[in-house]
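Participant: Based on the provided sequences and hints, a complete structural model is requested.
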Amino acid sequence: MSERGSSRSLDVVQRWFQAVVTHPDGVEGGVESEEAQRLIRLNRSELEAVIGRSRNLTAAERMGIYANAYYARLLECLASFFPVLQKALGEEVFEGFAFEYLQHYPSKSYTLDRLGESFARFLAETRPEPEEGEEPGAVGWPDFLIDLTVFEWNLNQVFDGPGVEGKPLLTAERLQSFPAERFAEARLVPVPCLRLLAFRFPVNAYYTAARHAGEGKEAPIPDPAPEYVALTRRDFVVRRFPLNAAQHALLEKILVGAPVGEAIAAAAEISGLDDEALGAELQAWFRLWVAEGFFQSID
Amino acid sequence: MPLPRLGYDNLGLGVGLRSTHFDYILKNQPEVDWFEVISENFIDSQGRPRYVLQQIAERYPVVMHGVSLSIGSTDPLDFEYLGKLKRLARETNAQWISDHLCWTGILGRNTHDLLPVPFTEATLRHVVERVRTLQDFLERPFVLENPSSYITFQDSTMDEWEFISRMAEEADCGLLLDVNNVYVSSFNHDMDPDQFIRSLPHERIVQFHLAGHANYTKYIIDTHDNHVVDPVWDLYRTAHQLTGGVSTLLEWDANIPPFPVVHAEVLKAKRFMGEHLEPAAAAPETEPAMAPGEGETVFHPLHQILAEVE
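Chain order of the listed sequences is A and B.
Mapping of the first sequence onto the numbering used here: position 173 corresponds to residue 174, and the numbering continues sequentially without gaps.
Mapping of the second sequence onto the numbering used here: position 32 corresponds to residue 81, and the numbering continues sequentially without gaps.
Please keep in mind that the hints were generated in silico from the structure rather than gathered at the bench.
We put the CB at the ideal spot given by N, CA and C, even for glycine.
It is possible that some hints are incorrect.
Said to hold, decoys possible - The list that follows gives simulated cross-link-like pairs (lysine-lysine, DSSO-like), each with its CA atoms no further than 27 Å apart:
1. B:LYS76 - A:LYS168
2. A:LYS168 - A:LYS254
3. B:LYS76 - A:LYS109
4. A:LYS168 - B:LYS317
To be verified - Over the 12 Å line for every Cβ pair with chain B, so calculated as not near, a few chain A residues:
5. GLU126
6. ARG175
7. ARG188
Facilitator: Right, here's the structure in full:
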């Protein structure tokens, strides 16, 4: 313990400490980094001028406890947000991506719950260029990873986001008793936990397969194919509903507040069904969606 | 002279609420004196965690324990975060709000670790001013905990216990004495844990924490992944005698056993509350020494709640 202390301000000490313990090359790389040197100029052998040693450990070893814990903790958290992505990539490759991500997008929130919010964006930003012979814009393996990341992140968001547990929902009786002549102009109010997702790979199906594959077993990586999914939450558990393109188009319109007629027209355009067949489909869709609590009310 | 515990209630022997125990607690309504919750796990929750907390707060006294206040940082206090704490405290009728004497990041970043401060006059002035500001804002009792630490700063001009004592007096706040952290930091910094505890203003101690740790022979990491070891119980006995007894809470954050095991661990504290304790009645655990890297558990100050997906 120093008798008089030094002239270093708390601000300088903290900026230096953070630069050292979060440096990707560990404490030695951190101490010698440009940022740390700008704040406290010392070489690695002089670390004990700032950090005391203990009977058992050098200053560098002690700083190493914080440096190791920083990445280990955050990597563990990211893995828990993206368990199926981790499984698809394998622990080592996942860790490599996550390690890079943490350097580009360090946490700036009081909560770890936002730690993974830019992971999909990071993967898209660092997506490798198409290989020789591949068409520009072709869908490939990196897009599968990006889609899966988006999917798992949305599961987390729906789980702890706004919901309707304990609140009244639109019932089949209410829908059936709604005046038919007003139906096209009516607006269905979706529950706040309803999310629509569109993917280039069937990541929802992959998610199911990966979860059923069991410990240590891998689900085969799927070929690209468009996939549409609705997520919602009931009784605090996230529910997944595969959709076809027409269902997705319809619900997408409803989610932005369009009248039911406009939403149905969007579905009709895609479905390729004649009016009678589409009418029958629509009845079945709405019956299912109402039963699954997709809507709060109809106005 | 302040009243013992600053006049706040002794809530008894409590357990840190963890999501792995949600179902058990709701179903069995165990006879636990009180629960401590990690504030950050609930302040934004609009799903099951918040719902479970509401049920628990109706039945049990609740205390809010945070890990992101960053009272020692030179970044400005985050009033959006503080506002959320205040709202949750009102909603759960939290008996008090606590956090750590530490900083978690600077320049807007959060390392999600409880980083140590240099114990200097300047740091003391800085922390005291911020504690006063947030106490005015929170309008609820506020207590600060001594964290486990793994380094010391050459700039420090006073011992940790002196810093804590002066901080508590000057800011007029309560203390959460983490007995395990005293043991861990004392081992890591070659200090006397008994002196640490004896040097504090005991009437300002509002709460105790107990937890297990990982001993790597040359250093100890505060992992909260095991039983409380005998030397920590010995310190607890001392702290209990010096304070006259305060709310005691067990934290278990990794390799979490079933709820009854965690609850039974904190109930062991009763054995250390008597004046004339027979040594044979002490907890049987001994210090589990491990090689560096062996059985490595990373301490998560912020316990995560995982999504439930059908």
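Participant: Going back to the hint list, which numbers does this structure go against?
Facilitator: Those not satisfied are hints 3 and 4.
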